[in-house]
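Chemist: Chains as they are written, first to last, in this note's numbering: chain A, 1 to 515; chain B, 1001 to 1259.
Calculated directly from the structure, the hints in this document are not laboratory data.
You may find that some hints are simply not true.
Using 25 angstroms as the maximum straight-line C-alpha spacing, the simulated BS3-like pairs for lysine-lysine come out as follows [said to hold, decoys possible]: (1) A:LYS474 x A:LYS361; (2) B:LYS1067 x A:LYS509; (3) A:LYS361 x A:LYS314; (4) A:LYS480 x A:LYS314; (5) A:LYS361 x B:LYS1120; (6) A:LYS333 x A:LYS385; (7) A:LYS502 x B:LYS1067; (8) A:LYS174 x A:LYS227; (9) A:LYS314 x A:LYS474.
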Amino acid sequence: MLDIRVLKALALTFFLSFTAGALLAQEGDLDRGEEIYIKRCLQCHGEDGDGLGPAAERLNPPPRDFSLGLYKFVTSGFDADMPNDGDMIRMITDGMPGTAMPGWGDMLSEQDILDVLVYIKYFAELEDEPETQTDFGVQVASSPESIAAGRVLFEENDRCTECHGAEGRGDGIKRLRDDNGDRTWPRNLTKPWTFRASNDPRDIFARISIGIPTTQMPSFADPASNKSLTIEERWNVANYVASLAKTEEVVNPANFVVQGTRAEGALPTTPDDEIWASLKSSTFMMVPQIVGGERFFTTANDTITVRALYDDAKVAIHLEWDDRTKSIPGDAKAASIADAELYEDAVAIQLPREIPTGMEKPYFLMGDGTDPVNLWRWSSGSTDKPESAGIVDAMGIEDQQPRGDSGDFQATGSFLNGTWRVVMTRSLRTSAPETDLQFEEGRFVPISFFAWDGSNSETGTGHSMTTWYWLQLKPAPSMKPIFYGALAGLLMFLVLIWWGAKGAARGRKARDDAA
Amino acid sequence: MRIPKLLQAVLVLVFVYYGFIVVFDYILGAVIPRSLLTMYMFFATAGVFMVFTFDEQGAHELVAPIKAMVEQPRFRFIRNLVFLIIPIAVGYNVYGRTLPSFEAPVELRTIHPAPPSTAKIYGNRVNLLTLENPFRHTQTDDPELFAEYVAEGAEVYIMNCQYCHGDKLDGKGPFAEGLNPTPLNFQDIGTIAQLQESYLFWRITTGGPGLPQEAAPWISSMPVWQDFLSVDEVWKVILFLYDYTGHEPRSWGEADAGH
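Excised from the complex, chain A in its bound form (with noise of 0.2 angstroms):
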C-alpha cells in the first residue's frame, strides 16, 4: 500500500514541478503534507484516507474518506464534483462543531495547511478547479418579512419539515443514511453551536443551494427538483432558519446552579403547565457516558434544561431536552426510525442520599459503595405498558437497585416536535432519611442528569449524562436579614456613642487641666 502511494507521490511531484513549477510553491508540498498528515490527520482519516482509522466506529460522523474526493461543507456548484480549496481549508483551520474534527488553525501554519490539503486532495486525485460555481447573487438582509416569507417556504411542500422537523429540531420521521451507509441525523437546527459550517445566512444559503454531499441533504437551486428555489427564496430561507437560534435554553458555562423558586400557588403537575415557561432555566452540556461498564460513544441527546418548584412539602423538577424521536418499543412507527434496536426513552436525576457536608461528593457515575445516590428515574413505555416512574439506589454503575415502592415520588412525561419535558416530584422530607435525601431550603445540594435515547439503542449503562452541578431551593424573601442589619448597626451605634462621650469627657478634662 504505502509502496504505491509513494510512488504516485513521486509521479504527481515530478508531473507538478515539470508541468507548473510555479504554482507548486504556492500550493503546498505534497512530502511537507504527507508528514503533517501522518502525525495529525492519519488516526482518524486513516492510512489510505478512507476514513477508516481506529475510532471510526466511536465517532458520529465517522472521519471523511477522502478517497471519493466528496466534501460536505462546499461552495461550488451542486453540480459540481469538487470543492473549491478555500472551502477544505476553512473547515481544516476552524474545525467542524458538533464532531470530532478539531479546528488546527491553532496548530499549524496556513503554509502547513495547504501542504496537507495537496496530500488530502491527491487521495481522490482531485486537481483542477470546480467546473461551476455556487450563485450567491444579492444577500436578503434578515427582516421580520423576509423570515416570515422565509418559514412558509420552509413548511411548503414539506420542503424542509420532511427532516427537519415542523420546528426545526431534526425531528422530522425519516430514516436517513448517508452514502457510505452510515446513520444521520438531520440537524436540529434550534442548535447552531452543532453546524459544522455555523449559521450565518452566507453558509445556510450555501446548505440550502448545495445541498451535503453524500448525506441526504439535497440541493435546492438545483432545477430538476421539483422542490427548488429561486436565490433570493434562498436568502429566505436561510435567514428563517438562522432565527431559529435558542436563545434562552443554552449553556451558560458560568452557571452551576439549578434555583429552585418557591411556588406562589399549588406546585404544577404536568409538564406542560404554561408556568414553567416563566421560570429561570439551568442548561447543561450533556456527555456520552464513556467511564464505566459498556461504554457508549455516540449518544444522542447533549444538552438538559431544568427548572425547579417547591412549597412546604413537595419539589418539582422540570426536565426538558431536544431528542428527535420518540422512542416506543413495540410502535411499527417508531421502530422503523429507530437504529438497531429500540428502547424506551429515559431521564433519570441523581441526587446524594444525604446533603454532603464537606466538599466531597459521591462518585459522580452512579455513587459509589460507600456513597451511594438516588436516582429519580422516568422511562416512556412502550406499546404494552405506559410511562412509568421509581426512584433507584444506586452503589455504582453496575449496582442499581430500583425500589419495589418510590413512596410519593411521581414523573410524567410529554412529547412534543422533538422535545421531551418530564415534571418529576417528592416531598421535601420522607420517612426514611437513611436512603432518601431530605431537602432543605437554601442548602447546595448536588444534582445531575443522565438521558437515554431509545431510538439511538441506548440502554443500561450507554446513555448521555451530565457531571455534578448544584440545586438550590431558593428561600423566600423574609425580614430576618433587615431585622439582624438594623440590630447589628443599632449596636455599632450604642458603642461609639459610649466610647464618644469618654472621648469627649477626656478631651475637656484635658483642656481643664491646661488651663
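Given chain A, put chain B in place with the hints provided.
Modeler: Below, chain B alone, put in the same frame as chain A:
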C-alpha cells in the same frame, strides 16, 4: 506636605486590596473568591498595623487624628458624621451576610496531588518510585521500533482519550466542556512535562477514583483505565503523549526537587 500616618495606612490597604483584584481577576483571569480576599486583607491589615505601630511615636501618630476627633469639640461635625456612617456600614454588611447566598460553594482542588509510593494496579502492588516505562529504552536503542510503539499509542489515544483531552492534546476534546474539572491540557508546559512516566501510569490506570484523600473533591471524571486497557497499551499511550507534544518526561534525578 507630609501625609498623616492614618491616611498612609488607609492608602496602603486600599492599594493592597485593588492589587489583589487586579492580579487575580485581570492578570491571572481567575476571579478571587470573597472568602480568600477577606483572609488576605485580614493579614494585610494586621501587617500594616504592626509596621505603623512599631515604635511609640508611630503608634501615637497613627491614632492622633482619631483621638482628636472624639476629644476636640471643633471636630464635632466630623465625629457625628463618622458615628452615623459606621453603624450604617456595619448594619448593611450584616444585612448582606444574612441574605441567603446564591453562590455555589467554591471547590478548590489540587491538580497534581503527590503520588503514594506504592499503588495497587492490575491487581499487583507496584512501587511507583522505581517504576519505569519498559518501552522507553527503544527511543535510543531502536528508533524504528519506538516509532511503531508511538503509533500504537496514538491508536489507543484516538480510540479512548481524544474525546476529552482532544486530538490536539490540548484538553479541548468534544466532551471537555461537559466535565468538571475540565480535562488536562498535555501541550501545556505545566502538566506532563513536569511529571514522571510512573506518575502518568498511576494516574491513568487508577483514574479519578484512585486519587488520594487530599485531591478532594474527587470528582475527576478520568476513567479507571486498568478496566479497559492493557499494561502495554498504557505505557505506549504514554510514549505517544510525550512524542506528540514534544515534551520530555521528568527523570528521577530532577524529581527530588519538586513534589
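Chemist: Hints first: check each against the structure and report whether it holds.
Modeler: We went through each hint and held it up to the structure:
no.: 1; hint: A:LYS474 x A:LYS361; verdict: holds (21 angstroms)
no.: 2; hint: B:LYS1067 x A:LYS509; verdict: holds (14 angstroms)
no.: 3; hint: A:LYS361 x A:LYS314; verdict: holds (24 angstroms)
no.: 4; hint: A:LYS480 x A:LYS314; verdict: holds (24 angstroms)
no.: 5; hint: A:LYS361 x B:LYS1120; verdict: holds (23 angstroms)
no.: 6; hint: A:LYS333 x A:LYS385; verdict: holds (17 angstroms)
no.: 7; hint: A:LYS502 x B:LYS1067; verdict: holds (11 angstroms)
no.: 8; hint: A:LYS174 x A:LYS227; verdict: holds (18 angstroms)
no.: 9; hint: A:LYS314 x A:LYS474; verdict: holds (14 angstroms)
The earlier numbered hints are all upheld by this structure, with none contradicted.
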